[in-house]
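A.B. asks: As they're listed, the protein sequences go chains A and B.
Letter by letter, the first sequence follows residues 1 to 182 in the working numbering.
Letter by letter, the second sequence follows residues 1 to 486 in the working numbering.
For the record, the hints were derived by calculation from the structure and aren't laboratory data.
Computed from a predicted model, the values in this text were never measured in an experiment.
Fair warning: there could be bad hints in the mix.
Covered, in the sense of this in silico footprint (three residues per stretch, anywhere, with C-beta under 8 Å from a C-beta of chain B), are these stretches of chain A [unchecked claim]:
hint, segment
1, 41–50
2, 53–64
3, 107–114
4, 124–138
Beta carbons are placed, not taken as given, at the ideal position from N, Cα and C, and that holds for glycine.
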Amino acid sequence: MDSLDDYQIPYGLMAEFDTPADVLHAAEKVHAAGYTRWDTHTPFPIHGMDDAMGLKNSQVGWFTFIGGLCGFFGGMLMIWYMNSYDYGLPVGGKPNFSPFSSFPVAYEMTILLGAFGSLGGMLFLNRLPRLHHPLLKNLRFAEATHDKFYVVIEADDPKYEEEETRELLKKTGSRHIELVNE
Amino acid sequence: MADHSAPSSVTIAPPPAELEREPLVANQRSIGWLSDTVANVIEDKTPRWWWIAITISGLTSLWLPLGLIYLISTGVGVWGLNHPVAWGWAIVNFVWWIGIGHAGTLISAILFLLRQKWRTSINRAAEAMTIFAVMCAGIFPGIHVGRVWFDWWLFPIPNAHSIWPQFRSPLLWDVFAVSTYFTVSVLFWYMGLIPDLATMRDRFRKVAGKVAAPAARLRNKVAQIFYGLFSLGWTGSNRHWRNYEKAYLLLAGLSTPLVLSVHSIVSFDFAVSQLPGWHTTIFPPYFVAGAVFSGFAMVMTLMIPLRALYRGMDEIVTTRHLELMCKVTLTTGSIVGYAYGMEFFIAYYSGNPYELYAFKNRAFGDYYWSYWLMVSCNVVSPHLFWFKWCRTTPWFIWIVTIFVNIGMWMERFVIVVTSLHNDYMPGNWGYYSPTWVDVCTYIGTMGFFMTLFLLFCRFLPLIAIAEVKGVTPFADPHHPLGGAKQ
């Protein structure tokens with residue numbers, strides 16, 4: 001008990017792989033073993049990984065949809081309020097509000113708020129931005145955005161037992177397994 | 001560093017000859033090579049050509065504040081605008097710049113929805129081009145209003161008399177279209193950058209301990225903070241990629257109707273008026289095709305020098321990519337040529353003498369030179385791309401793209417000026433010429449655009465690293481190179 005390292009809390013076990021096929025098969029095995037708090041980290045999205053990890057369809061679409069809906073009706077409402085309700089502007093005998101002449105602006109607003117919904121929804125669902133992550137302290141993990149592939153099983157997974165989990169990761173064919181601390 | 005060649009144990013059966021395709025990344029380069037090559041542009045010493053280029057473009061961009069300050073301090077009379085030509089170079093430049101932007105969105109959104117994987121090599125630079133072009137475009141309507149201190153009347157806020165903007169005007173639709181276009185382009189571009197900024201963050205993090213010199217240490221620290229903050233803590237997690245890919249698809253799906261609507265609405269500025277030569281229903285599709293045509297030309301004008309100047313870049317942006325872009329240019333150029341012909345036919349077929357006069361006047365009136373310059377650049381030059389040699393020789397493509405850029409500028413000049421200068425009453429007729437202030441402002445925006453683009457090349461990954469990795473065979477878990485069992 002003389003070094004700070006003795007007080008470190010483990011974050012999880014990190015296993016490194018060289019090819020997308022290896023990490024995909026490893027993910028299938030980890031999923032089959034019943035782990036829930038784990039993830040794969042790859043330089044690019046791997047085709048078939050969502051199925052291998054047992055993940056369902058992403059929910060981002062709802063944010064886009066609600067954003068788009070707000071944009072369209074918000075746009076229409078804004079024009080009606082400004083040109084017809086608050087201060088009527090009669091021009092050329094045309095109605096003060098018409099959905100047809102308001103359409104281009106409402107259409108652009110649909111896209112604008114839909115786009116904010118997509119990006120914002122993605123960040124919200126991913127709990128980003130975050131300024132700190134235990135994995136980002138690990139120097140070896142820097143290859144996750146370069147050309148290596150990782151499976152990380154978190155220590156607070158209910159099935160996590162350091163020896164057992166390490167054994168499982170070894171069986172998946174990883175040549176480098178490392179304990180990462182918080 | 002990773003091994004850059006395919007393992008010798010891997011043998012790949014060649015596909016049948018008729019299915020043989022040139023790979024998207026030449027020479028079977030590995031995914032590690034891709035991030036090294038793209039990141040080296042940022043990490044290596046600044047090349048001398050870059051300093052020369054940014055000096056020239058920086059000095060040129062100073063013409064912009066010169067033109068603007070003189071205009072604002074003196075008044076719109078310093079431009080060549082007068083009765084009857086009240087829309088001149090400012091509007092021509094606005095439409096030209098915004099049209100150039102369209103190729104970036106076409107590449108990033110429409111080609112993505114169409115599963116054109118070759119887009120990954122060029123989409124980052126093309127999207128950057130979009131953003132910078134729209135910034136240049138946005139300057140012109142802002143100063144064209146004359147009294148720039150009333151620019152805020154364009155926004156949906158009440159003026160001093162509590163009157164709101166008039167939403168039945170296409171000019172106001174344009175404000176919403178262009179500002180939405182700019183915002184969504186920035187969001188899309190930034191989202192694509194997140195994984196690549198994380199790559200840059202990790203690269204600077206990896207070498208941080210090995211850097212000794214104080215200046216280099218400071219540079220490394222600044223780079224880590226900059227790329228680290230903007231990559232938002234990205235770890236390449238698959239739970240994140242899942243939402244990311246969905247959001248990317250949705251943004252592509254939103255940008256597609258957006259890009260088609262933006263130039264349609266720009267064309268409404270003309271088409272909704274009553275003026276012969278402007279009041280035509282063909283304008284929206286014709287403007288969109290023209291925009292993509294000029295935009296692709298500009299993408300190639302920028303990419304051809306870059307792939308020659310940066311080592312390894314010609315293996316990512318291959319001759320096949322250039323050839324495909326030439327084919328898009330040929331297609332959209334043909335649509336534009338068809339539209340020119342159809343405009344004349346409809347002018348004749350409508351039986352409207354004013355309409356017919358406007359078009360005869362375009363080709364044979366005072367501005368005949370601009371019309372025939374436009375036709376030779378836009379209708380003739382893209383048809384060189386029917387020949388394979390013309391599509392695959394970079395220096396030749398580059399020359400053609402310059403002609404297309406000039407031709408599309410002339411097209412907007414023809415539309416704006418020739419329609420206005422001779423209208424219904426001969427007593428109203430006039431001849432418009434720009435002044436030095438018009439020219440100075442326009443050249444200034446070119447300098448501004450090039451300066452931004454050069455800064456982008458220097459400090460941000462100019463190829464979408466993660467996306468290009470994803471289209472190589474090394475990324476396919478069912479391909480032998482991706483580690484699949486033979």
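A.B. asks: Compare the structure with each hint and give your call.
C.D. replies: Results for each hint:
no.	hint	in the structure
1	41–50	holds (count 10)
2	53–64	holds (count 8)
3	107–114	holds (count 6)
4	124–138	holds (count 10)
This entry satisfies every hint, going by the numbered hints stated previously.
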